[in-house]
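Spelled out from the first residue to the last, the chains are:
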Amino acid sequence: MSTLVIAQHDNAELHASTLNTVTAASQVGGDVHVLVAGSGAGAVAQEAANVSGVAKVLHADADHYKDGVSVEIANLVVSLAADYSHIMAGSTTSGKDMLPRVAALIDSSQISDIMAVDSADTFKRPIYAGNAIATVQSSDATKVLTVRPTGFDAAELSGSADVAVIEGPAANGTTSVVGRELTVSERPDLGAADIVVSGGRGVGSAENFKIIESLADKLGAAVGASRAAVDAGYMPNDYQVGQTGKVVAPNLYIAVGISGAIQHLAGMKDSKVIVAINKDDEAPIFQVADYGLVADLFEAVPELVDAL
Amino acid sequence: MKVLVPVKRVIDAYVSIRVKSDGSGVDTDNVKMSLNPFCEIALEEAIRLKEAGTATEVVLVSIGSADIETVMRSGLAMGADRAIRVDADNDIEPLAIAKILKHIVEKEEAGMVITGKQSIDGDNNQTGQMLSALLGWPQATFASEVAIDGDSAKVTREVDGGLETIAIPMPAVVTTDLRLNEPRYPTLPNIMKAKKKPLDVIALADTGVDAAKRQTVTNVSPPEARSAGVMVGSVTELVDKLKNEAKVI
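Those protein sequence lines, which keep their order, are chains A and B.
Just so we're aligned, residue 10 is where the first sequence starts under this note's numbering, counting upward by one.
Just so we're aligned, residue -13 is where the second sequence starts under this note's numbering, counting upward by one.
By construction, these hints were calculated from the structure, which means they are not laboratory data.
Check the hints yourself; a few may be wrong.
Only pairs whose alpha carbons sit at most 25 angstroms apart, straight line, appear in this in silico DSS-like list of lysine-lysine [what the hints assert, rightly or not]:
hint, chain 1, residue 1, chain 2, residue 2
1, B, Lys140, B, Lys182
2, B, Lys18, B, Lys6
3, A, Lys75, B, Lys140
4, B, Lys227, A, Lys288
5, A, Lys278, B, Lys227
6, B, Lys18, B, Lys227
7, B, Lys93, B, Lys(-12)
8, B, Lys183, A, Lys281
9, B, Lys36, B, Lys183
10, A, Lys227, B, Lys183
11, B, Lys93, B, Lys18
12, A, Lys133, B, Lys6
13, A, Lys227, A, Lys133
14, A, Lys133, B, Lys227
15, A, Lys278, A, Lys288
16, B, Lys182, B, Lys6
17, B, Lys93, A, Lys281
18, B, Lys140, B, Lys18
19, B, Lys229, A, Lys278
20, A, Lys288, B, Lys229
21, A, Lys227, B, Lys(-12)
22, A, Lys227, B, Lys229
23, B, Lys18, A, Lys281
24, A, Lys278, B, Lys233
25, B, Lys183, B, Lys(-12)
Bound conformation, chain A alone:
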């Protein structure tokens, strides 16, 4: 029994979700190998070799792996699949995009977004936006699984695995990335931050989101937003916390001007401590908050910034 973990990276650094995925793989039992497919990503392969619990790193370097195009990565994974009992990727947008292709091509029925490993063939996963948890047993010879990063601790960086250079199949070449508008931020990554400060419709405008940002900066936190705030154009889509956005589980989640729709709760209710600031004392967010403050956010948040 052995597991292949598909590393997510930007050719320079390993994405934090890979460390959680390695932990899930370790819980299955057996050897854990990590695939780093990229272009000029030698440093990433080395970083992966340092992840505790990893027995071997497979490093494929080619131009057609540079942009992480799913068609290319999936074909590479398929070429390696016969050696593994389990294939895993983090359930980030890259993992979700790529792994079902692998599953289809090796005729395995994927289990998405696992949050717990019960045994080598049985896993827990959220359904209905986290309003129910299903325990699913797979009968496929090769288990194909995406892993919810917040369900597993990050693996440590005290390993020393060998890096084997491998050749992948020829480029498929159909898909090219022609543009990227990536958010540049000095703040921590939303998916991996210790503290997240999120704003909702109550914030009122893109301009007003500076209030949220100032609180986040005071706390060294990441900034998030509810779907309502994103739909209203206050913040870009990649800030969205919720069922269809990012699922986060920080030590402290501060929800400001967020009513607490089921959609949003699905993305943050596993946070350790939840604080809600809302002027509507009936807002459903208070039902999941450890600390609730009924107040006008435009007064309470600046006061909070000063008090910290």
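Dock chain B against chain A, hints included.
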């Protein structure tokens, strides 16, 4: 170009689901059912392609028992030209769904598939990618903008870090994210017209797909509930609690 839009019937997005006490699943009896919201967005996009003259026909496909025909009719009322129902169980796994859809795509000689990125019941987010792999077509998932230009397309995708635009040749499979469009409401005349639109039924056996389950759901339980917290009276009290009680700052 004929556009195929696979859709799924799900428990309505605004219904609070109830987990059955015996752990066998989620109660679907007497619960309001609707088109999966992401599938509605897919259908809207296909209808707009037809209105723009890019698509010639919009064909709705769904897989399940006769019960699902009601929501298929609402898809026809939105503007799909006709519908195909593959008669099968309502809980087929995404891999088998993708295999069935491949059969339909080939039979219909469709030039494009647009479907939702995930259904809001199973939250699997697999079918479009699997169909694309089985067809050997390029895929553009989580689309927030689709621009088709003859035999190629540019699709902007919602990814973790922001937005990414990819160029792909057609035919292709596109899956929709939330912000691709705002689906229309069917008008009363269109609801009436939809009753007369063709809705063909195909037996699962005629697709040649073995839809046997590979997975067993051994239990479905409600998530762990959070214990009720406390209300604080002031920012000062909040800061004190966070520092001295929760010890998170």
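Practice problem: Run the structure past the numbered hints and jot down the numbers of the failing ones, going up. | Solution: 1, 6, 8, 10, 11, 13, 14, 16, 17, 18, 21 and 23
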